[in-house]
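Colleague: Now for the letters of each chain:
2 protein chains.
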Amino acid sequence: MTSLPYVHGYSPRESARLGAQAQTLAELLHQDERYPAGARVLEAGCGTGAQTVILARNNPAAHFVSVDVSRASLERARMAVEREGLTNVRFEEADVFRLPFPDAAFDAVFVCFVLEHLAEPLRALAELKRILRPGGTITAIEGDHGSAYFHPDSELARKAIQCLVDLQKRDGGDSLIGRRLYPLLDRAGFAEIKVAPRVVYADPSRPEMVDGFTRNTFTAMVEGVEEKALRAGMMDPISWRQSIADLHQTAGPEGVFNYTFFKARAVKLGTNK
Amino acid sequence: MTSLPYVHGYSPRESARLGAQAQTLAELLHQDERYPAGARVLEAGCGTGAQTVILARNNPAAHFVSVDVSRASLERARMAVEREGLTNVRFEEADVFRLPFPDAAFDAVFVCFVLEHLAEPLRALAELKRILRPGGTITAIEGDHGSAYFHPDSELARKAIQCLVDLQKRDGGDSLIGRRLYPLLDRAGFAEIKVAPRVVYADPSRPEMVDGFTRNTFTAMVEGVEEKALRAGMMDPISWRQSIADLHQTAGPEGVFNYTFFKARAVKLGTNK
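Taken in order, these protein sequences are the chains called L and C.
In this text, residue positions in the first sequence follow our numbering: the first is 1, and each later residue adds one.
In this text, residue positions in the second sequence follow our numbering: the first is 1, and each later residue adds one.
None of these hints come from the bench; they were simulated from the model.
On a predicted model such as this, the values are computed, not experimentally measured, just so you know.
Worth double-checking, as some hints may not be accurate.
One copy or two, either will do: identical chains are not told apart, so a pair holds if it fits within one copy or between any two.
As the list claims (entries may be wrong) - Below, computed lysine-lysine pairings styled on DSSO-like, alpha-carbon distance capped at 30 Å:
| # | residue 1 | residue 2 |
| --- | --- | --- |
| 1 | Lys169 | Lys228 |
| 2 | Lys194 | Lys169 |
| 3 | Lys169 | Lys159 |
| 4 | Lys228 | Lys159 |
| 5 | Lys228 | Lys194 |
Take the sequences, apply the hints, and build the full model.
Modeller: Rendered as structure tokens:
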């Protein structure tokens, strides 16, 4: 009961979407992620390496171990890192619930867009805490689809987003997890928890955000679940098409789009356990 | 057709709420509002002076003219300003749709939590543009109740917030106006429009925000429309009571609350018209 279906799938288009997302959001989410020389950092759930490349490039003197349950994703992550000429990442196939590392093996843990896909995020956090040394830090980044609102407002667009939320829930995940990072880390026993909302705001004065986020990240993500949503009878094809047209309007000449990511940092206190 | 009912009413409790709100949000919203010495600034819709005091204190060498349609509110604003020993504010009873000032009389306009209450915000912006000199700036600040989300999530709490949105709509206002500031200013013909979301994030590590915003600003605001919402049959009394209890949970030991204000700045270009 560890590897849940990944709501977004593994298509080439999804991979392109993840690339666009990582680039647009790199500065917003990862720019301030800095590790000292020699730090041993575990990236849990690296996927196809969209974040791995940014982290490894920004922290050339830190040592990354990036793990994922999907061998295919790992292979692509490995290629992405090689393409960039980065040599400070080691990849391993591993399950975040049962990591093949001894207690206290890492100075830091980085987990981004992963907890949202887990039925038991608390159990994952407990395992991540185990492999972290006392005094070590965890960085957890998640979105929250309930934070999305836009102009022109559209009931159909909101309904399509709800399909995504419901599909992810059906798969055992929680796409509204961003707002819960504080209580989750608190329950997992982490200390000094600091959560910072990282807001994406896109209006016509910010064309790169409109393109990189509204159109090619968020709307593309909703479009990506069309087949699943229709097959599940969540919406009819005509309403679906209209909902996507409405989402594209929010990237139009009068459109505005808002979305919030949450970046949390916390510390493992005390002795190991 | 100018003076619409004010959804929040004019009770002493509402006045206390506005005070708490202004203090909590002063830094977030107004800290960067700076006017050069000698600048003539119109504050449109000053209400009881919650923002007036902050502006006048932060800009002692600027000259403020603060107007409102409510004589009672103006009287309280005047007292608040006097209590602070501020002498750079002149108050006038005036309608934002028909300001008693010649064209191009001001260097800057400040309008905060006002457009949301107007049935014709565009017409108000046109009038504000008229009294602004070419090259002058407008600052518009608004909230957006659709930006509110929280943990624990609660359908009833969301329903109570929707009552507030619907009541304000019934009065001709739009409590979702924050996301529309860019297109509104654009349509009104302003240039160099820059909109910045100002996010309130309150979790247990920020007790002053939990208290000042979640509890005493937002929840108090929803509680304030109980009578209207029940009288309008929007919710039954038992559900209402539960919805308020649920909102208070978001200020509890596991609670998280998110809300976004929008601060826009824009310029009037060209010659006067």
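Colleague: It remains to establish, for every hint, whether it holds in the given structure.
Modeller: Taking the hints in turn, this is what the structure says about them:
1. Lys169 with Lys228: Within one copy only: 13 Å inside, 36 Å across.
2. Lys194 with Lys169: Classified as within; 26 Å inside a copy, 37 Å across copies.
3. Lys169 with Lys159: both (15 Å within a copy, 22 Å between copies)
4. Lys228 with Lys159: The answer is both: 14 Å in one copy and 29 Å across copies each meet 30 Å.
5. Lys228 with Lys194: Intra 36 Å, inter 39 Å, cutoff 30 Å: neither.
Violated hint: 5 only; the structure is consistent with all others.
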